[in-house]
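Protein chains: 4
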Amino acid sequence: MQKLTGLIVAVMGGDAREVTLVEHLADAGATVKTFGLPVSGGNIIPCREPEKCLAGVQALILPVPGVNQYMQLHSAYLERPLKVTGELLALLPSGSPVLVGMARKPLRELVESIGLDLVELMKLDEVAILNSIPSAEGAVQMAMESMPITIHGSKAIVLGFGRTGQTLAQLLSAMHAQTTVVARDPAQLARAVAMGLKAVHFNELMNCLSDVDVIFNTVPAPVLDKDVLVKVPSTTLIIDLASAPGGTDFASAEELGVKAILAPGLPGKVAPKTAGRILAQVVPRILLQRVKH
Amino acid sequence: MQKLTGLIVAVMGGDAREVTLVEHLADAGATVKTFGLPVSGGNIIPCREPEKCLAGVQALILPVPGVNQYMQLHSAYLERPLKVTGELLALLPSGSPVLVGMARKPLRELVESIGLDLVELMKLDEVAILNSIPSAEGAVQMAMESMPITIHGSKAIVLGFGRTGQTLAQLLSAMHAQTTVVARDPAQLARAVAMGLKAVHFNELMNCLSDVDVIFNTVPAPVLDKDVLVKVPSTTLIIDLASAPGGTDFASAEELGVKAILAPGLPGKVAPKTAGRILAQVVPRILLQRVKH
Amino acid sequence: MQKLTGLIVAVMGGDAREVTLVEHLADAGATVKTFGLPVSGGNIIPCREPEKCLAGVQALILPVPGVNQYMQLHSAYLERPLKVTGELLALLPSGSPVLVGMARKPLRELVESIGLDLVELMKLDEVAILNSIPSAEGAVQMAMESMPITIHGSKAIVLGFGRTGQTLAQLLSAMHAQTTVVARDPAQLARAVAMGLKAVHFNELMNCLSDVDVIFNTVPAPVLDKDVLVKVPSTTLIIDLASAPGGTDFASAEELGVKAILAPGLPGKVAPKTAGRILAQVVPRILLQRVKH
Amino acid sequence: MQKLTGLIVAVMGGDAREVTLVEHLADAGATVKTFGLPVSGGNIIPCREPEKCLAGVQALILPVPGVNQYMQLHSAYLERPLKVTGELLALLPSGSPVLVGMARKPLRELVESIGLDLVELMKLDEVAILNSIPSAEGAVQMAMESMPITIHGSKAIVLGFGRTGQTLAQLLSAMHAQTTVVARDPAQLARAVAMGLKAVHFNELMNCLSDVDVIFNTVPAPVLDKDVLVKVPSTTLIIDLASAPGGTDFASAEELGVKAILAPGLPGKVAPKTAGRILAQVVPRILLQRVKH
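Protein chains in written order, with this note's numbering: chain A, 1 to 293; chain B, 1 to 293; chain C, 1 to 293; chain D, 1 to 293.
Don't take each hint at face value.
If chains are identical, the list can't say which one is meant, so a pair holds when it fits in one copy or spans any two.
As the list claims (entries may be wrong) - In the DSS-like style, the derived pairs of lysine-lysine whose C-alpha atoms are separated by at most 25 Å in a straight line are:
| hint | residue 1 | residue 2 |
| --- | --- | --- |
| 1 | K105 | K3 |
| 2 | K259 | K273 |
| 3 | K198 | K155 |
| 4 | K292 | K155 |
| 5 | K292 | K198 |
| 6 | K155 | K83 |
| 7 | K155 | K273 |
| 8 | K259 | K269 |
| 9 | K105 | K198 |
| 10 | K3 | K198 |
| 11 | K231 | K273 |
| 12 | K198 | K123 |
Think of the hints as simulated: they come from the structure by calculation, not from any bench.
Can you make the complete structure from the sequences, with help from the hints?
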């Protein structure tokens with residue numbers, strides 16, 4: 001565990017993930033001022049007002065989903081939503097790091113306009129790969145809940161073989177699903193072969209659809225369009241893990257009677273504690289690198 | 001697929017599993033008379049009265065759970081429960097096979113007193129092993145739904161290394177849980193080692209409990225008694241797969257604040273179609289062996 | 001580690017396995033008198049004469065292969081072979097345990113005629129299962145050495161799904177060979193399915209032979225006879241792990257140009273230290289149970 | 001299989017890999033002129049002189065290792081070595097593709113100076129990943145041959161988690177070695193964790209060395225220097241897969257009594273047919289892309 005003694009950070013908003021993160025930061029020696037989180041204990045200073053929370057800190061940690069379209073802080077515990085404004089953020093020392101999972105454009109622009117140092121955690125390869133573990137399990141859990149058959153012996157297709165696709169395809173194969181990976185990059189197809197998976201180029205996708213129980217999409221592009229969906233048996237389940245709006249033509253799926261589920265943000269939903277531990281593994285190093293001493 | 005042409009069998013009561021079974025038997029060429037099942041099609045003769053269903057058949061297939069304590073047929077579809085009586089069963093030719101998953105004592109005695117040939121499918125090693133697949137997945141699904149962490153990286157204990165224990169421990173290990181098998185038989189412990197699992201004798205159980213996220217019990221004996229439960233962290237989840245009443249002292253668990261779930265009969269609940277296919281794989285061979293020609 | 005303090009045992013003959021065993025027994029506190037082994041150290045008393053070695057001991061451990069057809073002790077280190085006679089064994093106290101891997105009939109009869117307690121270690125399920133690990137690896141190593149292709153992607157058949165067959169088939173599958181298990185017992189076939197392996201009844205063997213790279217036999221019966229061998233491509237490799245004379249018609253194989261290797265006793269050959277550790281895990285418990293106090 | 005009808009290519013020198021490649025290209029419809037290879041059959045034109053071999057072709061395929069330091073063609077079959085010269089290569093049409101596994105600097109400069117299109121196959125991610133399969137198996141085979149213990153249960157370290165490291169670490173783990181990955185890049189460490197492997201930063205390497213049976217190095221830099229080697233038990237085996245001169249201080253290893261083996265070019269040695277098939281999978285696409293029509 002990296003020692004954070006002497007560091008003072010604010011954590012505002014969030015859910016069970018941030019609870020785990022705050023406890024870890026405090027254990028590591030940081031002083032953690034919080035707003036809107038049910039935490040307490042040594043090194044933790046819960047604040048009732050956002051301004052107080054930011055007073056004297058060296059860095060701000062926002063929740064993984066950041067803010068909604070109204071610039072309101074994502075929060076599982078606050079009764080009244082908090083709007084994130086320039087005045088509020090300006091309480092931070094200039095150049096301070098502001099950590100967030102993903103930032104929509106308005107938040108990014110706001111943070112940068114004030115001269116703060118925005119860090120989007122989900123863009124870090126390390127975080128994205130670690131998050132692929134709860135994402136993959138969450139996807140499998142959804143398939144288990146929605147299918148009348150076991151994963152074992154089922155015919156599964158995984159579209160895309162990036163960070164989430166790799167973890168998911170290996171998990172399905174380990175559970176003895178007949179797993180086919182569909183990807184475009186020859187190097188990714190070669191990696192799938194090395195892992196013992198059946199690998200197929202996207203050009204061949206149409207030939208794989210007549211006998212499939214479940215399709216998992218990880219590609220953030222319209223890959224499951226109507227032309228593809230008409231080839232899929234109506235009993236097939238589609239689980240789309242790509243960030244909203246996903247890669248599935250959901251309207252066509254419904255029309256064709258194919259059950260399709262958009263499932264973004266699984267880590268925080270199915271395994272908040274694991275998701276919090278992933279933050280707790282990465283955030284200390286980033287704070288030590290970015291906070292000016 | 002084994003041909004069943006010429007065979008006439010009755011299937012009474014049941015749930016989605018029996019639907020799958022009936023369709024398979026009819027596909028294989030048998031004439032299937034049904035009572036209380038939403039099926040139809042070639043070779044299938046739905047009957048409104050149980051007596052008509054039994055007329056002229058060579059074998060009777062009862063649902064997996066058989067009858068309840070009032071001798072009422074297990075059924076997911078019948079509006080009024082049907083009591084299974086000696087008069088009804090006596091409509092079958094003497095010596096006919098009567099297939100059922102598990103028979104409570106009264107049903108077993110009734111069937112045998114009439115001179116019919118009772119076959120309890122769940123007692124067959126083959127069926128029990130195949131059913132261990134949906135049981136293991138169902139147990140994992142329950143753990144996923146109840147835990148705030150992923151299976152990946154979790155610390156899991158599997159008590160018992162028989163038919164279900166083997167399948168479950170291998171599944172957990174394949175999903176990268178840190179899996180410890182606890183068993184008594186040196187040969188079973190050796191098999192666990194050969195499978196790459198950590199294996200511990202039951203005598204050492206007490207030393208494994210201080211840091212465990214989930215315990216799965218498959219032993220039909222009181223192994224998780226109060227003495228054991230007091231050693232378990234209160235955040236630990238217990239899933240008991242042993243047939244009722246399980247191997248857990250549930251009252252003590254509740255008292256100690258340890259969440260414990262009794263989860264019998266998982267195959268029919270979490271993967272009815274797979275459970276039906278398992279029946280469909282085994283039943284034809286048994287019919288061909290047992291029906292007198 | 002089980003304490004053996006106070007125990008006095010003789011270990012006569014043997015190879016690297018017995019070296020590992022002797023060291024372990026001495027570490028556990030036993031006094032170990034040895035004949036024909038390059039060992040020394042605390043608690044170990046090397047003896048130049050077999051009679052001295054047996055004086056005052058409570059148990060005798062013979063090498064895994066026991067004696068040859070001339071009753072000569074198996075030994076990797078003795079310059080002159082030692083014949084095991086009744087007079088020699090009679091130096092042991094009546095009823096003393098005599099441990100050996102496998103005993104041919106003459107040895108068994110001799111030991112029992114003197115009133116000693118013969119224990120054949122390889123007949124213990126636990127030992128046979130643990131030994132299946134080096135057997136399986138040794139078989140894979142032989143296949144690697146003899147084939148111009150990788151195990152990954154190769155088409156492999158495993159005949160028999162007992163103790164060695166299970167370990168070997170799981171190893172091949174883990175290495176991403178396309179593995180087919182051929183067995184007769186429905187429960188064994190079900191177990192293979194649960195492990196995610198392709199399982200085929202022996203009746204169907206003939207249909208699996210046209211496209212196979214390597215066949216591993218574990219069945220101690222003539223399963224690979226001429227009728228089967230004529231169906232096998234001449235490039236196929238056969239590795240027969242069944243105890244001599246194996247299950248292959250080697251003459252026919254040679255005639256047909258199919259390379260077939262009989263490979264008994266792999267653990268001592270490919271991984272003598274692991275094989276010794278397996279003995280070291282089992283022997284202490286047996287000594288504690290069998291030696292009279 | 002991609003159709004190569006109409007294409008005329010030369011394959012000069014090589015070993016069993018090129019035999020497999022030539023057969024595949026001819027099967028796909030190409031006319032293949034060969035020099036120094038024991039092949040024949042439809043579409044294959046063996047030539048006795050290198051000049052005749054090059055006449056009229058559109059592309060040249062050299063052996064995987066290319067030429068040695070004297071510019072002599074690598075060949076397993078030629079009695080007299082062939083020197084590759086500018087005059088010879090100039091027989092090819094300007095701009096023709098020249099495929100080779102790896103080109104030393106002189107060959108690269110020669111080919112480019114004549115205006116030919118050099119393609120180094122081993123630099124393609126796809127080829128390197130596919131070759132990691134036989135490399136990893138070859139490394140495991142060497143470990144099996146050199147160690148008195150099984151891979152199962154052994155303590156293994158894999159240095160580097162690139163293309164070969166990933167495949168090798170997954171193979172070892174699948175064989176139930178206790179596998180530790182040592183790498184530097186946080187994203188690679190995260191991927192190792194996602195694969196269920198123990199992952200350690202290079203900074204922590206020194207703490208992992210006291211109890212290890214085998215170390216596989218894949219890093220082409222001096223990572224196993226004297227400071228590291230003194231910490232390693234003398235029974236440890238080192239297998240260095242990095243391209244020559246490897247990453248091990250072999251002199252120090254010998255001095256310290258640690259067995260260390262440099263093992264480059266494993267695919268062609270342990271599984272030439274698999275290595276040939278990998279070429280056969282990649283070369284047709286490259287020919288179709290690069291040959292001018």
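These are the hints, each one checked on the structure:
1. K105 to K3: Classified as neither; 33 Å inside a copy, 49 Å across copies.
2. K259 to K273: Result: close only across copies, 17 Å inter versus 30 Å intra.
3. K198 to K155: both (11 Å within a copy, 15 Å between copies)
4. K292 to K155: For K292 and K155, the Cα distance exceeds 25 Å both inside one copy (52 Å) and across copies (39 Å).
5. K292 to K198: neither (49 Å within a copy, 33 Å between copies)
6. K155 to K83: neither (46 Å within a copy, 40 Å between copies)
7. K155 to K273: between (31 Å within a copy, 14 Å between copies)
8. K259 to K269: So K259 and K269 pass the 25 Å test inside a copy (21 Å) and across (20 Å) alike.
9. K105 to K198: Neither way: K105 and K198 sit 39 Å apart in one copy and 38 Å across, limit 25 Å.
10. K3 to K198: between (45 Å within a copy, 23 Å between copies)
11. K231 to K273: For K231 and K273, the Cα distance is within 25 Å only across copies (23 Å; inside one copy 39 Å).
12. K198 to K123: between (29 Å within a copy, 24 Å between copies)
Going down the numbered hints, you'll see the structure goes against 1, 4, 5, 6, 9, while the others check out.
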